[in-house]
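Q: Sequence:
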Amino acid sequence: MPPMLPSLPTQTGETRVVSEGFHARVHAVVRTVPAGRVTTYGDVATMLGSPRVARHVGYALAALSDPTVPWHRVINAQGRISHRGDLVRAESQRRRLEAEGIEFDALGRVDLKRYRFSPPPGP
DNA sequence: GGTTTGACCATAA
DNA sequence: CTTATGGCCAAAC
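Quick note, the first sequence lines up with residues 1 to 123 if you use this note's numbering.
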């Protein structure tokens with residue numbers, strides 16, 4: 001069976017668990033996040049049908065080499081940038097977000113209530 | 001093919 | 001506010 005192109009789980013992936021090209025799925029979901037909005041690792045995982053694979057979302061982005069994927073719009077559930085020791089990347093990420101109009105508070109947090117990207121609800 | 005590794009999350013204290 | 005703990009599961013080794 002030839003490899004299927006990554007597609008968003010709409011009506012076919014409701015109960016389907018994460019599988020086959022997890023990276024590609026993560027990338028596909030992240031691409032749907034518009035500029036000026038952010039999403040969280042957990043949200044991306046939820047869109048994939050498995051709310052408990054947030055770690056893999058971050059892992060998929062860490063292994064990402066495609067510059068067209070707006071990885072910088074993915075932050076953690078606290079509205080902060082997950083640098084995990086890599087402060088250089090975190091600084092770059094923050095600049096990218098600010099360039100899109102995202103505002104950070106004094107603690108370096110984003111107001112998720114305002115900027116969080118809500119995926120289009122199913123029919 | 002078992003073990004290690006993570007750009008996480010929710011909860012508890 | 002912070003720190004600790006358990007869960008989760010796909011890739012890399």
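Just so you know, these hints were derived from the structure itself, not from any lab. By construction, the Cβ of each residue, glycine as well, lies at the ideal position given by its N, Cα and C atoms. Mixed in with the good hints, there may be bad ones.
Said to hold, decoys possible - Computed Cβ-Cβ distance ranges for the label pairs, DEER-style:
{"id": "1", "residue 1": "His83", "residue 2": "Asp111", "range": "14 to 24 Å"}
{"id": "2", "residue 1": "Ala77", "residue 2": "Gly36", "range": "17 to 27 Å"}
{"id": "3", "residue 1": "Arg109", "residue 2": "Arg55", "range": "31 to 41 Å"}
{"id": "4", "residue 1": "Gly36", "residue 2": "Glu91", "range": "28 to 38 Å"}
{"id": "5", "residue 1": "Ala99", "residue 2": "Ala62", "range": "31 to 41 Å"}
{"id": "6", "residue 1": "Gly101", "residue 2": "Pro67", "range": "17 to 27 Å"}
{"id": "7", "residue 1": "Gln78", "residue 2": "Ser118", "range": "29 to 39 Å"}
Q: None of the hints should be skipped; say for each whether it holds.
A: For each hint, the structure was consulted:
At roughly 19 Å, the beta carbons of His83 and Asp111 sit within the given window of 14 to 24 Å. For Ala77 paired with Gly36, a C-beta distance near 20 Å keeps the hint of 17 to 27 Å intact. Distance hint check: the CB atoms of Arg109 and Arg55 are about 21 Å apart, inconsistent with the given range 31 to 41 Å. Checked against the hint of 28 to 38 Å, the C-beta distance between Gly36 and Glu91 comes to roughly 20 Å, which is inconsistent with it.
A hinted range of 31 to 41 Å is violated for the C-beta pair Ala99 and Ala62, which are about 22 Å apart. A hinted range of 17 to 27 Å for the beta carbons of Gly101 and Pro67 is consistent with their spacing of about 21 Å. Hint check: Gln78 to Ser118, Cβ distance near 18 Å, so the stated range 29 to 39 Å is violated.
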